[in-house]
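Keeping the supplied structure of chain L fixed, place chain P upon it in accordance with the hints.
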Amino acid sequence: MHMADALVAPAVAGAMYVCSTGACAQSIKNVRLENDPRKIPTMGVMGAFVFATQMINFTIPGTGSSGHLCGGMLLTAMLGPSAGFLTMIGVLFIQCLLFADGGLLALGCNVWNMAFYGCFVGGLLLWKPIMKNGFSRAKIAFASVLACVLTLQLGAFSVTLETLASGVTELPFGVFVLAMQPIHLAIGLVEGLITAAVLLFVYEARPELLWGNETAKESKLSFKATISTLVATAVVIGGGLSLVASSNPDGLEWSMEKVAGTSELEATGFFHNLSALIQEKTAFLPDYAFRGSESALGTSFSGVVGGAIVIALCIAACYAFRFFKKKA
Amino acid sequence: MNKQTQAIHNIHEADELAQRDSFLISLHPLSKLLVTIVYIMTVMSFHKYDWNGLMTMSLYLIIIMITGELSLLGALRRLKIVLMAVFFLGIANPFFDREIAYSIGAYQIRFGMISMLTLFFKAAFAVFASYILIKTTSIEDICYALQKLHVPSILITEIMLIHRYLIMMLRETQRMFQAYQLRAPGQKGIHYSAWGSFVGQLLLRSMDRAQRIHDGMLLRGFQGTFYPNIRTYRVGFSILYAALWCIAIITLRLVPLFTIIGRIVIH
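Each protein sequence line maps, in turn, to chains L and P. Sequential numbering of the first sequence, starting at 1, is according to my numbering. Sequential numbering of the second sequence, starting at 329, is according to my numbering.
In short, the hints are calculated from the structure, not lab data. Careful, some of the hints might be misleading.
[Claimed, not checked] With the Cβ distance kept under 7 angstroms, some of the chain P side facing chain L (calculated, not the full set):
1) S458
2) V479
3) I482
4) L494
5) Y508
These numbers come from a predicted model, not from an experiment. C-beta: ideal position from N, C-alpha, C; glycine also.
Here chain L stands alone, though its shape is the one from the complex (with noise of 0.2 angstroms):
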């Protein structure tokens, strides 16, 4: 959808150039006005990351051909409208100077039908109301998909009206029309299954990296939820699978067994004795399993106190850690 130079005359790109600078002047205030020192580079490097993954090609099921990304509404997602318009602004002067995509008379324009509806509209008008009352994954996909298609038809629509208004072309407005929305139609739809699919991801993996969502826990798994889920592990793996658990020597054992002929090595002396002897009064499962018992039961159940002293252990260390962290 990039405008060369030449679909444009002069007043058409200066009109644009207003328009853009007006939007481009807000955003940069608004950026401002968040203050986060992170979100340039952010910027930046975001920029970059669009430009290259535009030049993936996706497979779009059951026709044979492929699509790219455009990266609009995935910026807005990720980085908020304004950040995202400035980022895309920087994309369309870089490409339109390095690969001659647009040009710099028609970067007005361009940027206006790429990055303004892109950012504003589908950010704005779209992704927040849709988002208002929390994420979920199927919002997430219809205000991908919705957005980037009605987006992508405003900026044909634009296209089509820059165009005219240029004089450039002596197609009609209705055949022109014609031509322009339906393909941008498939494109938008294309390009927004696609940014629904990242942004899933992104969903999945780090919600909180998500605009407007990120007061979101960095894990979707509550604390109770976490500790439920380990506390069961522990016993499934405890108390289940270490019935099956092999009843020949460890690789240590086996390499001690081979060297020395004897798996357990007999330590003479003070403290050795000393230590074996706390150890024997102190372990209530010697062997993994009851006191002179061969038993399952006694394996079964070894496995899963070891899975809550272990557990306990880890979240007393953790909480230590997080307290000695605080008094640093």
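What follows is chain P alone, placed relative to chain L:
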């Protein structure tokens, strides 16, 4: 050569060319930017049937391309992207604008054909002009020119960052894409089942990288503005260059030089 490799090649080529030792490169970037903008605006201001006048604008391109030792093939290669869109619009003109402009023997040339040709040439001239600019001026220099034009620093910093990390991101994408293609030979593009995870992984890595870059920038004393690497420019020559070319371009716009010379020769 795939898209990523081609893009990396283009960026390297532009950077290398802009580092050469030549008169055009030693000029202040603002003068070159100004001349380019004046030239493109002038070219676009020609009427759709005024192909004769438009042709005089080729003089600027010819002179700069030859004196600047720039590759015509490289410029033509850039043209293919633009021509696709222009072709779609221009090709309709002969069918809708069928009024006869000239008759050469049995052949009739319609206004639609002339406007189509004019459109193609306008597109080509604009692309050539921006090609000249980028091959004689690095992105850093252009950012410096934008700074002189009081473009907000936030925008300049961001353009420079995008350019700086572009090659790195392109290489990373290229590696991932190559790895994917090796696992899925003969497949055209990324399968839809991997759309999210493929780009998503790259996206998350980019965000983390941005964080590391920001930390690195802070350690080096970054305070929100990224200053271009300013070189020594021939300021006097630059002013003269910009003034002369602007006058020449406007003169060529007002005076149909080719027509006048043609009439003199014929008569």
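Each hint tested on the structure:
1. Checking S458(P) against chain L by beta carbon gives a least distance of about 6 angstroms; that is within 7 angstroms, so the hint holds.
2. Because the smallest distance between the Cβ of V479(P) and any Cβ of chain L comes to about 9 angstroms, over 7 angstroms, the interface hint for this residue is violated.
3. Taking 7 angstroms as the C-beta contact cut-off toward chain L, the hint placing I482(P) at the interface holds, the least distance being around 5 angstroms.
4. The beta carbon of L494(P) is positioned within 7 angstroms of a beta carbon in chain L (closest approach about 5 angstroms), and the interface hint is therefore held.
5. Taking 7 angstroms as the C-beta contact cut-off toward chain L, the hint placing Y508(P) at the interface is violated, the least distance being around 9 angstroms.
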